[in-house]
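Respectively, the protein sequence lines represent chains R, L, P and F.
Residues 1 to 437 in full-length UniProt numbering are what the first sequence lists, from first letter to last.
Residues 1 to 437 in full-length UniProt numbering are what the second sequence lists, from first letter to last.
Residues 1 to 437 in full-length UniProt numbering are what the third sequence lists, from first letter to last.
Residues 1 to 437 in full-length UniProt numbering are what the fourth sequence lists, from first letter to last.
Note that these hints are calculated values from the structure, not bench results.
There could be a bad hint or two in this list.
[Said to hold, decoys possible] Derived SDA-like pairs: lysine to any residue, alpha-carbon spacing no greater than 25 Å straight-line: (1) R:LYS347 to F:GLU230; (2) F:LYS3 to R:ALA403; (3) L:LYS3 to P:CYS352; (4) P:LYS3 to L:THR237; (5) F:LYS209 to R:GLU389; (6) L:LYS271 to P:ASN364; (7) F:LYS256 to R:ASP394; (8) R:LYS347 to F:GLY60; (9) L:LYS256 to P:TYR198; (10) F:LYS347 to R:ALA403; (11) F:LYS357 to R:HIS234; (12) L:LYS347 to P:PRO8; (13) F:LYS209 to R:TRP233; (14) R:LYS347 to F:VAL366; (15) L:LYS357 to P:TYR238; (16) P:LYS357 to L:ALA28; (17) F:LYS3 to R:CYS352; (18) R:LYS271 to F:LYS271; (19) F:LYS209 to R:ASP355; (20) P:LYS209 to L:ASP354; (21) R:LYS3 to F:GLY418; (22) P:LYS357 to L:THR237; (23) P:LYS401 to L:ASP354; (24) F:LYS271 to R:GLU389; (25) L:LYS3 to P:GLU389; (26) R:LYS209 to F:CYS352; (27) F:LYS347 to R:VAL351; (28) R:LYS3 to F:HIS400; (29) L:LYS401 to P:HIS231; (30) L:LYS347 to P:HIS128; (31) L:LYS347 to P:ASN364; (32) L:LYS209 to P:TYR238; (33) P:LYS347 to L:ASN5; (34) L:LYS357 to P:THR237; (35) F:LYS209 to R:ASP394; (36) L:LYS130 to R:ASN151; (37) L:LYS271 to P:HIS260; (38) R:LYS271 to F:ALA270; (39) P:LYS256 to L:HIS234; (40) R:LYS347 to F:LYS3.
Keep in mind that this is a model prediction, so the values were computed, not measured.
There are 4 protein chains.
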Amino acid sequence: MNKNNFAPLPPMGWNSYDYYDTTVTEDAVKANADYMAAHLKEFGWEYIVVDIEWYAIGAGSMRNQFQYIPFADVAMDEFSRLQPDPARFPSSADGTGFTHLADYIHSLGLKFGIHIMRGIPRTAAHNHCKIKGSNVTADMVANPSSICGWNPDMYGVRDTEAGQAYYDSLMELYASWGVDFIKCDDICNTNIYPANPYSARHEIEMLAKAIARCGRPIVLSLSPGPALIEHAWHYETYANMWRITDDFWDKWDLLKDMFHRCELWQNHVAKGCYPDCDMLPLGWLGKGFGHEWYTNFTPEEQHTMLTLWCLFGSPLMLGCELTKLDDATLALLTNRDVLSMLTPDCKPHQVCLDDEKAIWCAYNAVTDEHFAAFFNLSDETQTIHCDIETLHVDDEPCAHKDASLTELWSKEKTSVSGSAISVTPPAHGCLVFRVEN
Amino acid sequence: MNKNNFAPLPPMGWNSYDYYDTTVTEDAVKANADYMAAHLKEFGWEYIVVDIEWYAIGAGSMRNQFQYIPFADVAMDEFSRLQPDPARFPSSADGTGFTHLADYIHSLGLKFGIHIMRGIPRTAAHNHCKIKGSNVTADMVANPSSICGWNPDMYGVRDTEAGQAYYDSLMELYASWGVDFIKCDDICNTNIYPANPYSARHEIEMLAKAIARCGRPIVLSLSPGPALIEHAWHYETYANMWRITDDFWDKWDLLKDMFHRCELWQNHVAKGCYPDCDMLPLGWLGKGFGHEWYTNFTPEEQHTMLTLWCLFGSPLMLGCELTKLDDATLALLTNRDVLSMLTPDCKPHQVCLDDEKAIWCAYNAVTDEHFAAFFNLSDETQTIHCDIETLHVDDEPCAHKDASLTELWSKEKTSVSGSAISVTPPAHGCLVFRVEN
Amino acid sequence: MNKNNFAPLPPMGWNSYDYYDTTVTEDAVKANADYMAAHLKEFGWEYIVVDIEWYAIGAGSMRNQFQYIPFADVAMDEFSRLQPDPARFPSSADGTGFTHLADYIHSLGLKFGIHIMRGIPRTAAHNHCKIKGSNVTADMVANPSSICGWNPDMYGVRDTEAGQAYYDSLMELYASWGVDFIKCDDICNTNIYPANPYSARHEIEMLAKAIARCGRPIVLSLSPGPALIEHAWHYETYANMWRITDDFWDKWDLLKDMFHRCELWQNHVAKGCYPDCDMLPLGWLGKGFGHEWYTNFTPEEQHTMLTLWCLFGSPLMLGCELTKLDDATLALLTNRDVLSMLTPDCKPHQVCLDDEKAIWCAYNAVTDEHFAAFFNLSDETQTIHCDIETLHVDDEPCAHKDASLTELWSKEKTSVSGSAISVTPPAHGCLVFRVEN
Amino acid sequence: MNKNNFAPLPPMGWNSYDYYDTTVTEDAVKANADYMAAHLKEFGWEYIVVDIEWYAIGAGSMRNQFQYIPFADVAMDEFSRLQPDPARFPSSADGTGFTHLADYIHSLGLKFGIHIMRGIPRTAAHNHCKIKGSNVTADMVANPSSICGWNPDMYGVRDTEAGQAYYDSLMELYASWGVDFIKCDDICNTNIYPANPYSARHEIEMLAKAIARCGRPIVLSLSPGPALIEHAWHYETYANMWRITDDFWDKWDLLKDMFHRCELWQNHVAKGCYPDCDMLPLGWLGKGFGHEWYTNFTPEEQHTMLTLWCLFGSPLMLGCELTKLDDATLALLTNRDVLSMLTPDCKPHQVCLDDEKAIWCAYNAVTDEHFAAFFNLSDETQTIHCDIETLHVDDEPCAHKDASLTELWSKEKTSVSGSAISVTPPAHGCLVFRVEN
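This is chain R alone, in the form it adopts within the complex (with noise of 0.2 Å):
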């Protein structure tokens, strides 16, 4: 089992954190899946993921208090091992986990994910609970020094013969529910200890371990960012995306940002290998949080996202409710010319980057498609110009002279004048083109 065939292109699908937080229900997912099946799947749209808290009893209840109340009760099989909340998640009621949940998302053509905190649950580790396949119990397992920062439900596992015995367990259970993808926060960037923010080093590789184990190809993704560039090797051996942000929402100056992100992690997308820009907080956001809204960026910021995420190559993960979905929204979503840039046989090259414009490229040699991108990162429309010989991906040159120029998002043609390429994308907007040579 090579992990890199797990995802042969950047996972594009739903997540439930942006619109439900800790509240989400079977209903709400079953819904989002019809949605996605019906509108959405034959774009290339297919992971459903229940994002965190589905074990957790009464989560959402404290919301003025506490986003993850603690020390509150949690579901839990007698392995230590967390179940979905049955108050939530009806079907698991008959003991069963996710299984009837990931049978209903497999029969409609779509892949089913969970979110995981990384470690042991706490209770676990003071009850003294049994560990599958150990004779060691659940407090010589956990490690007492090792928390999340802002989640209270875990420990950290220690790296020894029980504490693989239980991600095995662990991976071992998820399999048999059909699980296709795991989520794994608090271990990308362990951002409580700023003296080792990678501390959870070796639970990434116990998880890798476990995945390979248990037989099914599940997509391992890592949270929460940044990623740590100098651990790049790390990320790419054992996982198969890994977050290069904090949370990401909808708001210009993250967005802008990204830019810098995606710059440092341009030469790092892989096949199997994926920089995660998050979640793409479009449509209609934060029932969950307690105060429902429509996303605040603008149609030209949206485009910008969705260019950006597309031509750098990150997973595209949708954090707004399906069934609210707006004819605009799904327009940006089923653009079938953006969509084709993602995918790693598109390599992409960043050519400028400054306060007031980015500039990409991209290069699919098994398509011989060139494509090239400019982003207007300032607050007023600018033109930009761009001398062609910049535009190249590593030998392969993007774009010859009379060469005409399709926008992706318009349609509108346009060519090179000269020697050069001259737009007008509006504030915060951008233009991305296919390039005919």
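Starting from the known structure of chain R, arrange chains L, P and F on it as the hints suggest.
Leaving out everything else, chains L, P and F in the frame of chain R:
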């Protein structure tokens, strides 16, 4: 209650840690108290302090794996307050905590102290135990993100009314036991959070308030160090002692380094306010750590240590097993001349410090006594010359021409020669003089 | 020569920088000195200090491009020692440097000070100029890697015999001129090297040694700040004043922040040892910067500033043009009650500091006077309550029940009410009381 | 002019520094060039680079005190441009700079390079020298706050039109001399400013622009390291080589550490873009440093070094005196099999790295060749087992079952055994295989 009156002189006493680690027993405490009353009390030694894990059932039983056994049983009352382990402290079996032991210590004319970890027991939080004087339970008082990096027992307490109620109930209990001294750990420098090393600031204030409310003058000692000089005012306002170093042991490098710490804190010694150089690792040490040893400090280094601690004004806490004290160490601890410098009336001043030597002087305005000390920090015997003009405390000159000098360890006499003092302390040793002008 | 006797009180005076920048002239200095002698001297003001670039030919002539013109001509003698620019200081044209100006200042009963940059002129090094009292030339004395980050005039001096000879020759010259005060810049915190902010440590020692050798009691003031608290002992041993802040100007944020700096340094004020809060930006400022303005500080903020500087024990250096001083500012600077606190006999103590308020008290053991000050750091008028138990300096209580209080700015009287003081200072303002028990 | 075409392969050559320090002469350069032409050229070695201080009169004459004599004379033309010291480079006496030497090198079929320090001579700034093509003089071009921390020759150049004119005039001159390669120092990581280690960013851009304008394809190499990974894109856009380490010498610790640096930069090797592991300290070294020595690297370490540099894709610059080259070293440098990996066509991949070992593989898609290397980083002979599944470059597997393996240093043959490779490299040594499937 002005906390500065609780300890008008730097506290002198015995602490169980350096010899017993987590395994101290009632009998051991009594035996050391007996020794102190018989041989040391008349020289000012008076505190008997029970250090870490007196509440932990089975403490020390997994010493090859853990110093502090994670998720183990603790003795605790119904209000989330830890109690002495009755197996090691039999007199507590009647539910009176340390009352009987404190009574015994007091009957010897000594004072009784205990060690606590900042916070509330993790097990109380996970089991939603009660808080005396509050309707709120321990799960709401405990902060799941605030832990100690090296001890698994507690969670930090939130800065709320219920949190204060918990600390109030704790000090009320300790006062009822007859506790005179509390060494609170994981509070002075919370090293686990390098980005916020003073994260428990509010817990110091809560402790001070609870002590004021309990009506008993309990000395408050904060650990571990290094204390943060930029918060000096805060320590001085709320506590009596604060550790200015990491754990100190019998290694020359640590002793030599202490000169830099004393340099930093030399203007911060005052009545009721004592920067703390940590325990004196003298005599027999380490039984609880699994390998008993006699201090590695040479006699010269021991002179250097005692002289610096007394001149600077640090509390003196013995780490050794008193019942095994040899004559040489006893002589060291009962030198009235040296101990006479240990009072805030005696104001110290570092005259110079470099890699080879340190020179300090001190002036006691109450007794009109002058002192001068010459430390040889090099590895060879050396002669130190010192112009008497450089010896002064504020405006008060230390030595006049023809002043006579009495060395406090050897009682040998010498005098100023011309306008200078020339002395030849051995490697790592010191000469400390009373100056008579 | 004990340097602590050079300035038994925190120096009070005038400095040319805040008004003249690099353009100060002999006439301007004399005019300000005349004013001081006539109106301020009797209140303790006595230093007249010529600040930066008095040696620079054409200083200020490219002000729109450079504050300090790089690689410009300087007046210098044959021994690499800078001389006053004769165009601006005509009395120096006879080769006697500042002798005539110093004589004039002294004739008024005042003291004369100059600013210098740490080091030796770059031009002397590049031209291999001579060093008085040494066979070695300036190129061997100058350290080409030791520069000031914001001023292009000098190279740092190497820690060698020839380097000491240079500083000796410099102080010999200044003593011959009649200099009483040196403000040495780029030496207290060498901000250009963040990894080694005390890199000029040896030059402080060399300066102190050269002053001792020159036979004249020249006060040594070190800039810029913030001084490093971990080197407090070093400043105290070798200098008389050291800046505890970056440049201070007439902005409330900077004034509010000064409370934190005074908190940090409050135990470090002693005779001859003065942490320095920087110049007082009062009255008319900024002509040399190209835009003259009247201080932005409100009358309340001015009270706060003067009260804090006096209570804490900072030197007082006026930055304004004295000849334009208005009555209100003059009254501020000649309040004998407030100025009476400015002596190391008067020991201050910060009682509390938070974002809304600060409370300080002070005790002068020589005069047996008590003071208490209440600063409103918020943007609204507020009533501050203070338990008199919290007001004490070391062991000395500040206020008894029924003590009477005289406010030092308004002369209004009030008294302790019960065991507390309640006062209502205006926003950004303060009330400071003499306490009569 | 696309700078990526200036060096389609990682440059291979000789550099004068490791042997001559600052004392290199024209005769020495010619002698080394003669050797290269005779014995190394056919294997791809072609650059002859004159390193630091070729312009300094008397360089090396105060070696016991200074590596770089401060404020010493330099050879310079009327336009602030440094010239070769005619005493050491006699052919420059006619004012043609390095023209004759470059011609000689070119006549041997080799390429000629020189070292420069970033910036403009300090002496030019202090003497207000002219700038060719500008009315502005050197004092306005030089930034007095921008210096090199370890070399006293230059000031940084301001980001102005006149600054660009200076760099343009410099490259125009070098092009006229026939320079093919510039190693610019103090520009890649400006270590003196820890808070701004990329402070010379604009000077890299100015150099690149000046090279483009001069019309000659001059390879641009940046020193010193470590280069900053977060600016990878900037190096790649403007330079051909950038040092990823501090100075590298013949110490095992430095060589072992290089594996971490190669890990970090492995995705950043491309045509015209070469992360640089620094010079190869082989053979005889150090004459100019005052004590000639034969490399401390063992034969095994030499294999490790050459293999890593070639696999990774670093430029190869010899630091030794070529005329003293022994047969073993010559054999090392002329192993066609090993050198065949040194092309951007051959894409490397680190398979694992820990404290004991490193495994790399590589794939040349043009020649369809596979390589695998096993490095023993421990101090004992060890057997390394490797599952062939882990050996792949992107999607391309490296070795199939029954693949045959040829070790490139020994030419010995072995084969995959089952699904694994087991090899036993000596301590500090390596085995590197061509894999034939």
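Hints, verified against the model:
no. : hint                 : result
1   : R:LYS347 to F:GLU230 : holds (20 Å)
2   : F:LYS3 to R:ALA403   : holds (23 Å)
3   : L:LYS3 to P:CYS352   : holds (16 Å)
4   : P:LYS3 to L:THR237   : violated (33 Å)
5   : F:LYS209 to R:GLU389 : holds (14 Å)
6   : L:LYS271 to P:ASN364 : holds (18 Å)
7   : F:LYS256 to R:ASP394 : violated (30 Å)
8   : R:LYS347 to F:GLY60  : violated (50 Å)
9   : L:LYS256 to P:TYR198 : holds (22 Å)
10  : F:LYS347 to R:ALA403 : violated (31 Å)
11  : F:LYS357 to R:HIS234 : holds (15 Å)
12  : L:LYS347 to P:PRO8   : holds (20 Å)
13  : F:LYS209 to R:TRP233 : violated (34 Å)
14  : R:LYS347 to F:VAL366 : holds (18 Å)
15  : L:LYS357 to P:TYR238 : holds (18 Å)
16  : P:LYS357 to L:ALA28  : violated (50 Å)
17  : F:LYS3 to R:CYS352   : holds (16 Å)
18  : R:LYS271 to F:LYS271 : holds (22 Å)
19  : F:LYS209 to R:ASP355 : holds (21 Å)
20  : P:LYS209 to L:ASP354 : holds (17 Å)
21  : R:LYS3 to F:GLY418   : holds (21 Å)
22  : P:LYS357 to L:THR237 : holds (16 Å)
23  : P:LYS401 to L:ASP354 : violated (50 Å)
24  : F:LYS271 to R:GLU389 : holds (16 Å)
25  : L:LYS3 to P:GLU389   : holds (11 Å)
26  : R:LYS209 to F:CYS352 : holds (15 Å)
27  : F:LYS347 to R:VAL351 : holds (22 Å)
28  : R:LYS3 to F:HIS400   : holds (18 Å)
29  : L:LYS401 to P:HIS231 : violated (31 Å)
30  : L:LYS347 to P:HIS128 : violated (50 Å)
31  : L:LYS347 to P:ASN364 : holds (18 Å)
32  : L:LYS209 to P:TYR238 : violated (42 Å)
33  : P:LYS347 to L:ASN5   : holds (20 Å)
34  : L:LYS357 to P:THR237 : holds (16 Å)
35  : F:LYS209 to R:ASP394 : holds (20 Å)
36  : L:LYS130 to R:ASN151 : holds (23 Å)
37  : L:LYS271 to P:HIS260 : holds (24 Å)
38  : R:LYS271 to F:ALA270 : holds (19 Å)
39  : P:LYS256 to L:HIS234 : holds (18 Å)
40  : R:LYS347 to F:LYS3   : holds (20 Å)
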